[in-house]
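Put together the whole structure using the sequences plus the hints.
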Amino acid sequence: MDSNSNKAPMYNSTYKGSLKKEIMQQLHLAIPILIGQLSTSLLGFIDTIMASNLGMTDLAAIAVGCSFWIPFSLLCIGLCLGLSPIIAQLLGQNNPEEIPKYTHNALFPLMIVTAFSMIFLLIMPSFMLKYTNLGPEVIDKAVKYIDLVVIALPGLSLYHLLKNTAEGVMVAIPTMIIGLVSVLMNIPLNYIFMYGKLGIPEMGAVGCGVATAIIAWTSFGIIYLYCRYNSRLKDFNILRKKENTDFSIIKHVSRIGFPVSVALLIENFTYYIFGYATGFLGTQYTAAHQIASIISVMVFMLPVAVSTAEAIRISNNLAVGSKSMALLSVKATAIISHAIILPVCFSIFFFRHEIISFFTEDPALHKLAAPLFFAILAFQVQDALFGICLGIVRGFKDTKTMMLVNFVVLWCMSAPLGYLIGFTDFFGRKYGLYGLWGILVFCYWSLTIAFGARSIYLFRHHKFKIYRY
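Taking the working numbering, the leading residue of the sequence shown gets 1, the next gets one more, and so forth.
Source of the hints: derived by calculation from the structure; they are not laboratory data.
Worth double-checking, as some hints may not be accurate.
As the list claims (entries may be wrong) - Beta-carbon label-pair distances, calculated as ranges:
1. Asp-425 with Phe-459: 19 to 29 Å
2. Tyr-191 with Phe-351: 38 to 48 Å
3. Leu-225 with Pro-371: 41 to 51 Å
4. Ala-370 with Gly-55: 31 to 41 Å
5. Phe-349 with Phe-459: 26 to 36 Å
6. Pro-363 with Lys-331: 40 to 50 Å
7. Ala-453 with Pro-363: 38 to 48 Å
8. Ala-370 with Asn-230: 43 to 53 Å
9. Ile-119 with Lys-331: 39 to 49 Å
Stated by the list, open to error - Once the Cα atoms are required to be at most 25 Å apart in a straight line, the calculated DSS-like pairs of lysine-lysine come out as:
10. Lys-331 with Lys-21
11. Lys-20 with Lys-331
12. Lys-101 with Lys-242
13. Lys-197 with Lys-144
14. Lys-130 with Lys-323
15. Lys-400 with Lys-101
16. Lys-323 with Lys-400
17. Lys-331 with Lys-101
18. Lys-197 with Lys-101
19. Lys-20 with Lys-242
20. Lys-400 with Lys-251
21. Lys-144 with Lys-130
22. Lys-323 with Lys-21
23. Lys-430 with Lys-367
Quick caveat: nothing in here was measured; it's all calculated off a predicted structure.
All residues carry an ideal CB built from backbone N, CA and C; glycine is no exception.
Shown next, in the form of structure tokens:
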């Protein structure tokens, strides 16, 4: 009997395709990922709108809580993002029996990072917030929100472990399904816990933390069942097959995934530390920053989804040593990314006043938030380019470069520059909130240029060969 007869069916990543075919190939992956990621971003949007209806205090508490929660959740997610290119290369090599080994062994470093994040979130926020100008009620609600949302972290980590495995084998539908289910769950759960329905006491902003925890564990349950019983995924034996601990695989996954985690932590912690810094400006500035942050992150999901599909396709093509097909994947991403992001970002800019009205009718807050949409426009114009370059770097598994560039630009540059321009007279006067956002725009453009240069280097100097593990 043929030894390969029990292998899972393979996805043909080496066809002699045209640009049109490659675009369709990426859209097949990117659209479900995009819908799933947009749905996930909508969770923060919904939380913010529902909290704003309770008043400025609850809105500020959500903003401060997210400044702690989101960076550490992304630290766990980043480790899983390093798994999908590995899985994609195994698929491209027609070596599916190795896939369960990588998924199972990736669990060990993931749980270590998750445990570290939970300990930090349970201890540090209450200590750090004492040194801001936020009111005691805002601090109390923010800390209680963080204490509850920490429960979501293990479920979120397990969900992304299986999600990235599924996407690595070209199955992105569960990402879309779970994203939509999460949105449908979030509104009634927030309503019950925030406003005190069905006999549950009113919890305000803290209720968002309960809803988030329930949704995270539900998402893991759904994708677990999908991986176990879906006709395509079950052929890979991701959950049915017991695997022994392999420290060489753990080292390999950690070497690729850990720099992604650190890069995401640096990038997003920098972004949200600016939110923490707005606490020194006052509650209204924190709320305005939160409104602009939610919109910026939602739009950023568009190029990120396309870049995820690009990274998977590049990894497939690297597995068979095809430089021409890898370049074709980049061209397809450039077309898709610009076609999506540019119309959306200009529409958001021109309808900025209507968008702010979804969050608040407070004229003072409206006046503070509106100028930030100029920064959002500058962000999103570069996002299409940034997403392309990010997909290339991830596809080549050059994750150490991601970490180092993020460290230099976002920690060595943004923090001191943000302090100088936002809170001192070093540049003539204190620019406050708008100065902080100006520095963010400058630093993200710098990231795009650095990743672009690295992408060119990778294609010029990389030795294209068939990878073996």
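**Report entry** Lys-197 paired with Lys-101 [C-alpha distance capped at 25 Å]
**Finding:** Roughly 46 Å between the alpha carbons, so the hint for Lys-197 and Lys-101 is violated.
Requested in this report: Go ahead and decide if the range 31 to 41 Å is satisfied by the Cβ distance of Ala-370 to Gly-55.
Outcome: violated, 21 Å
Query raised in the report: Is it true that the CA of Lys-323 sits at most 25 Å from the CA of Lys-21?
Result: holds, 17 Å
**Report entry** Satisfaction of hint between Lys-130 and Lys-144, Cα-Cα up to 25 Å
**Finding:** holds, 14 Å
Query raised in the report: Honestly, do Ala-370 and Asn-230 meet the 43 to 53 Å range at C-beta?
Result: holds, 46 Å
Query raised in the report: Between Lys-331 and Lys-21, is the straight-line Cα distance small enough, at 25 Å or below?
Result: Holds, at roughly 12 Å.
Query raised in the report: Quick one: are Leu-225 and Pro-371 within 41 to 51 Å, going by C-beta?
Result: holds, 47 Å
Query raised in the report: Should the hint that Tyr-191 and Phe-351 are 38 to 48 Å apart at their CB atoms be regarded as holding?
Result: At roughly 27 Å between Cβ atoms, Phe-351 and Tyr-191 fall outside 38 to 48 Å, so the hint is violated.
Query raised in the report: Is Lys-400 close enough to Lys-101, meaning Cα to Cα at most 25 Å?
Result: holds, 23 Å
Query - Given hint Lys-242 paired with Lys-101 - CA-CA distance at most 25 Å - result: holds, 9 Å
Query raised in the report: Honestly, do Ile-119 and Lys-331 meet the 39 to 49 Å range at C-beta?
Result: Since the Cβ atoms of Ile-119 and Lys-331 sit about 45 Å apart, the hinted range of 39 to 49 Å holds.
Query raised in the report: For the pair supplied as a hint, Lys-197 and Lys-144, is the alpha-carbon distance within the 25 Å limit?
Result: Roughly 19 Å separates the two Cα atoms, so the pair holds.
Checked against the numbered hints above, the structure violates hints 1, 2, 4, 14, 17, 18, 19; every other hint is satisfied.
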